[in-house]
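Visitor: If you want the building blocks of each chain, they are given just below.
2 protein chains.
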Amino acid sequence: MTRRLAVIGVGLLGGSVAKAARAQRIAHEIVGVGRDVSRLQAALSDGAIDHATSDLAEGLRGADFVLLAAPVLAIEDLLERAWEAIPADAIVTDVGSSKSAIVRKAESLARRRPVAFVGSHPMAGSEKAGYGVSRADLFHGALVVVTPTDASAAGAVKTVTAFWEHLGARVTTLDPATHDAAVAAISHLPHLVACALVDGVSRATPEALAVAARGFKDTTRIAAGDPTMWQEIFLTNRPALVESLAAFRRALDDLERLIEQGNPDALHAALARIKAVRDGLS
Amino acid sequence: MTRRLAVIGVGLLGGSVAKAARAQRIAHEIVGVGRDVSRLQAALSDGAIDHATSDLAEGLRGADFVLLAAPVLAIEDLLERAWEAIPADAIVTDVGSSKSAIVRKAESLARRRPVAFVGSHPMAGSEKAGYGVSRADLFHGALVVVTPTDASAAGAVKTVTAFWEHLGARVTTLDPATHDAAVAAISHLPHLVACALVDGVSRATPEALAVAARGFKDTTRIAAGDPTMWQEIFLTNRPALVESLAAFRRALDDLERLIEQGNPDALHAALARIKAVRDGLS
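Note that the protein sequences, when read in sequence, are chains A and B.
If you count by our numbering, then the first sequence holds residues 14 to 295, one letter each, in order.
If you count by our numbering, then the second sequence holds residues 14 to 295, one letter each, in order.
These aren't lab readings, by the way, just hints derived from the structure by calculation.
Treat the hints with care, as some may be off.
Identical copies go unnamed one by one, so any copy, or any two together, can satisfy a pair.
To be verified - Okay, derived cross-link-like pairs now, DSBU-like style, lysine-lysine, Cα gap no bigger than 35 Å in a straight line: (1) K171 to K288; (2) K230 to K118; (3) K288 to K118.
In this text, all values refer to a predicted model and were calculated from it rather than measured experimentally.
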């Protein structure tokens, strides 16, 4: 049970955490911190948060659990600005979708002043952003990756894990680098590819968009994601994304070669192998 | 109103046409033709077809509307085998997803013996194949592209258009080459890219598949398609697909360059432009 939960950034993820924490009664008190306090009014009147402030130090005062729910690029800076004001006994986590740089930053700050930080990445979201689309059940059945390192206190890892589980999530633990490679492969790369699909088609054969059916729409749905969020994700996870993209290009080259060669059996075998992998994903 | 509808190939598409034609009462009699007559029993006992035969000539006898619903690679061969047995007053269409080669074949056969052929491509389907997944409402609201040429009789184009409209479809008319370029861009290319995504990830970072969330699953859903069908589609529409793939690669290269350069503003502008296109697709 959390005494005072501080949610820094009350958008889709922060707002959903506040609503879910309220619904599950896992925090006595919930404080929302945002740059513009007038934009926290909706969360206040919904009862998702009890207090709203734009003052980071005030928001952190007395908190025993701190959630940094800013955009991924802002989290490093936020750690820097918040660090000294975080209560000594508090446990801190975040929602950034790339973890290596954030965790590195927190561990470097912890050498100056020890604070228990364990990174999280809730793999729930939407192509929409903002408090308006937040929901108490956003984490229900969703996967949250928690990314401790050798430097993490076992108790803090347990608390962060339990926090997400209480909100309805399934938790998996990965080290930050493994996490970043995995999300590059299954989230950032598909997003980049979906963007390139939309862009390639709209530039080369715009008239084709008029006949776009379900297949194209499903494959490119994620290309409607928030440009600010995705620009930050692509740039913060650049090394892992570039590697993942290279693996994708190799696979695409191989398939194109089979098509160019006009070899039906080899092409069939490759497609059957791929189908078996995809079928295994449920 | 069709007197006798001959459906050659009673799988997902042929079976759905038979069921929809029955439900809409647009054919007095429906004949199903398949290589293995025992596999037509389900359609017979459903009442989707009135007669079942494995004899092509028998199936075509007395038909005034003929639907060739074989896999795309088999349609050219089927046209060749069926042509002499098609009644002189019949109107013939098909469901092949690449049109240039099929239409060329039909027009070459028509120089030997005139038969009214107009190509169709119903853009409805599923990652599943076979009569078992056919449905009377498969074409409800679906787009069907009809692909006449200068050689097509206006009456036949009208009849084929009306046929699909009676089954609930919206019909668009494109010449075969424009159709092939369009479906390469919005169907065959996304399929190939989805396959390369699954293959690239499963070969380079198989452990990442365990954390695959909705984005990856949506983007790669079509990679679970029937390997036989897709091998044939890729090979029959190879020239248009290769062009479309080149446009995709240019777009992907451009995005990767913006990421490598670490230019947030230019990357944001590209993603915002792409989002606007995708948002426009509904």
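Visitor: If you test the structure against every hint from before, which numbers come out violated?
Guide: Checked against the structure, the only hint that fails is number 1, while the rest are satisfied.
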